[in-house]
Each structure stands twice: as structure tokens, then as C-alpha cells.
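Peer 1: As a plain string of letters, each chain reads:
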Amino acid sequence: MDKRLASVTEAVSGIPDGATVMIGGFGGSGAPIELIHALIDHGAKGLTVVNNNAGNGHVGLAALIEQGQVDKLICSFPRGPSSEVFTERYRAGTILLELVPQGTLAERIRAGGAGIPAFYTPTSYGTDLAKGKPVAEFDGRMYVQERWLKADFALIKAEAADPHGNLTYRMTARNFNPIMAMASKTTIAQVTEIVDLGGIDPEQVITPGIFVDHVVEVATPQQEEVLNRAEAVYP
Amino acid sequence: MTNIARIKLSNAQIAWRAAQDITDGAYVNLGIGFPEMVAQFQPEGRQAIFHSENGLLDFGPAPAAGEEDWDCINAGKKAVTIRPGSAIFHHADSFAMVRGRHLDVAILGAYEVAQSGDLANWSTGKDGIPAVGGAMDLVHGAKRVAVLTDHVTRKGAPKLVERCSLPLTGVGCVTRVYTSLAVVDIDAGRFVLREKLPEISVQDLQAVTGAQLYHEGPVADLIAPAL
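Chains as they are written, first to last, in my numbering: chain E, 1 to 235; chain Z, 1001 to 1227.
I should point out that these hints are in silico values taken from the structure, not numbers from a laboratory.
Predicted, not measured: the structure shown is a model, and the values here were computed from it.
Think of the CB as a built atom: it goes at the ideal place given N, C-alpha and C, for glycine as much as any other residue.
A few of these clues could be false.
Stated by the list, open to error - Where chain Z lies over chain E, by a calculated footprint (3+ residues, C-beta under 8 Å): (1) 7-21; (2) 32-44; (3) 90-99; (4) 127-134; (5) 177-186; (6) 210-216; (7) 220-230.
As the list claims (entries may be wrong) - Only pairs whose alpha carbons sit at most 27 Å apart, straight line, appear in this in silico DSSO-like list of lysine-lysine: (8) E:45 <-> E:131; (9) E:150 <-> Z:1143; (10) E:133 <-> Z:1143; (11) E:72 <-> E:185; (12) Z:1155 <-> E:72; (13) Z:1143 <-> E:72; (14) E:150 <-> E:131; (15) Z:1126 <-> Z:1155; (16) Z:1008 <-> Z:1155; (17) E:3 <-> E:131; (18) Z:1126 <-> E:131; (19) E:133 <-> E:3; (20) Z:1155 <-> Z:1077; (21) E:45 <-> E:133; (22) E:45 <-> E:72; (23) E:3 <-> E:185; (24) Z:1143 <-> E:131; (25) E:133 <-> Z:1126; (26) E:150 <-> E:133; (27) Z:1143 <-> Z:1077; (28) E:185 <-> E:150.
As the list claims (entries may be wrong) - From the derived model, a few chain E residues whose C-beta atoms are all more than 10 Å from chain Z: (29) 71; (30) 81; (31) 86; (32) 107; (33) 137; (34) 138; (35) 139; (36) 152; (37) 170; (38) 173; (39) 196; (40) 203.
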């Protein structure tokens, strides 16, 4: 078993038009910039993207939206210090938004990966974001039914991988990456370093390789915050 | 009529007052912006552990400019530092801590708070880009949900109201409100006045409050240090 691929180009080459793609990260932390840029080069269109945010500046997710490749965004917070690309498209009516509370988004993704089609949460009960959803009382408190969220592909960022796809993460760049790996049919991880089998202590593995299909090494990954301070534009 | 603009507490003083109620060892989530100031005013000898929604418990101060590591940020996407005792985890675990009532206190900002404990703090209902983040999770997540707010809006309208007019973040979730003029508990669908600035009378405070203020026994003086 060897899940290593030689390039980010090869890694995203199978993503078709119309795919649902989960993209890891919270802001720029944990965002797989090189995989997103490879997806821009690849050119798949009509995508539904799941991410906590809507990108900033003109790189990463914002650039993917700017290229017109995203028809729908499922996220919790599509506002940022420089999220103009999404704002313009949303105002123009050329991108759909499904707004989901952050914890509900995380749990829907986790449920998708865990084979649980729906669950009840107190979050959003009695608010506009619960409209049309079934509610139920448990032990005297009201809860809203939410459904799992699954994807065709996950593009995630991790720190180290071995050839089996076992992953570790660096600091708060972990965020949505481990749960998105679980919830997607095909999970592609860009990692700073691919090590030999045995190079990751089994007790330190955060995402077991069963949730990962491909790993590709990007030794010096770009950071959205740094790119945006330099006013970078992709492509 | 009291000139409330002249006597009211600053945001730092409101945050200071809220910090006095946080016990040693409490797990606390501070909302982005104004509530983050609460961390600066922990009383001597008490240590709270602060939770950040993006998967971090107990973090250190912001690094010096130019020394940011953008893999280490808080929920406001500001660079922070990790330190001995910090813990890092993924987003589903982070919100299990929230929703599972493992946090002791959540402190948020507000557009409006109703006497029922309903909170509106995520949408002005106008034509902006809707964004909710973790606010709807947090209001159901902690044993105590406190709000920090000016007592009135910039135009002078009450922010403590009978019923919220803006889109709700949560129903019946707030337990205490720290305002620029008073400390008010929400108890059985009523605002109960606990403390007020000594410079304002109960009558004048009632005049800038959009619902009946009840008091049970004496109302303590709200006195914050100059900050």
C-alpha cells in the first residue's frame, strides 16, 4: 500500500465538474493553498465547496471563487478582512450560500464521516437558521434536527504523512481537516513531509490512514495570511 | 435626567466587572472583539482556561508583530501562542466541548437582550452578508452565558428589551448582562437589577431600559477602577 502521489496536479486531476469538495482550514490556518491552486489550474467548475469561511484576498478559496468555479458555498462565516470576492458574487447572485452555525457544520461533517444520517442539536433552535427543520423535545429542552454532510473530495492540509496516509497536524492548523478526511469519498492530503512507515509514532497519529486516499508532499506550503499581506493574486 | 454618556463605564471597565465573576479553574469562551478584553482583567490568584472555537484550550498572548505563526491563531483569526498546558483538538471536539456543556462561562456581545434571555447578536437583519460563526452554538454551550454591552445603542435606544426585534441567536439563553450602567440577571423571564452605578437612580436607569427592571433587596453599587 502506497498512497503517495508525485504532484498536486496529479492529486486533483480526477475532480469532475459539479463535485462537492470539502476544503480544510479556518481562515488561512490549515488551508491547503497548493491543492486549491492546482484545482484552479485543473479547471473543474460548478463545484459545491464546504469550508468554514469564504476566502480572503485573491488566493486560495477566494481565487477559486473568483475564477467562477464555485456555484455554492456551505460555510459558517463568509466575512473576513478581505472577503470581497465572495461578497461581490453573492450580491450579484452568482453564488449560493448555505449558512450553517460553526459547531453544526463541524458535527454535520463528523456525522457524515461516522455514518450518522441526522442528529439533534440545541444550536439554532428558535432562530432563522432552523426554519423548516424538524424539532423535538428531549428531557424538557428543544432541539433541531440536522443532517450529515458528505463530499466527493476533501482537500486537506497536514504536517506529516506516511505511505499509509496516517497524518499528524501542526498547531491549530488541525481544525476541520481531520473530520473532512472522514466525510469524503476521496481524501487528498497535502503534507509538509512524507516520512517512511514507522516515521510517525502510532500513538501520535491524529488521522488514521483509513480516512486518507492520497498524500502529496508540499515541503514549504504557502500561508494565506502571508500571501495576502504581499497582495498576491492567483493565477 | 442623568447624563449617561458622562458616567457610563468604558468597555474595559465592563470587561473588568465581568472578569470578577470568573472563578479559578473555570473554562471560559470569550466572543470575538470586546469580550476578548475580559482575559486581561483576571483577578490575582485566579486562573481561568480560555477556549477558542478553532480547537485550542489555554493559549498565550499574541506574538510580537512579524513573529506570527499563522498555524497558531484564535477564533478571531488573530495570531496567538501556545504554552505549557495548552491543548489542541479538531473542530468537532471543540464544539463537543461547547454543546456538551463543558464550558463554565461564555461571554458574548449583543445587539439586543430580551427579559426572557433571548439574545440577538449575529445579524442586523439588513442586507449585509449573513455570517454566524460559532455564536449560535456558544449560547447553548455554557453553564453561564453572559453578555457585555453598552446599556443603550449609539442612538440612545435601549438594548435591554421586552422582546428582540432583530434575528435571534438563541432563545432563553442569557443568564447575566454586564452593561455600561448596571449588572442585571435574567431570572424567570425578568430582568433583575443586581448592581448599578451609584451616579444613576433606579428611575433613570429604568428610563433607558426597554423592559421592567425588578429588584430583590438592595441594589449594590457598581464601582470599577479607572482603566
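Peer 1: Hint compliance check: list the failing hint numbers for this structure, sorted ascending.
Peer 2: 1, 2, 6, 8, 9, 12, 13, 17, 19, 20, 21, 30, 31, 32, 37 and 38
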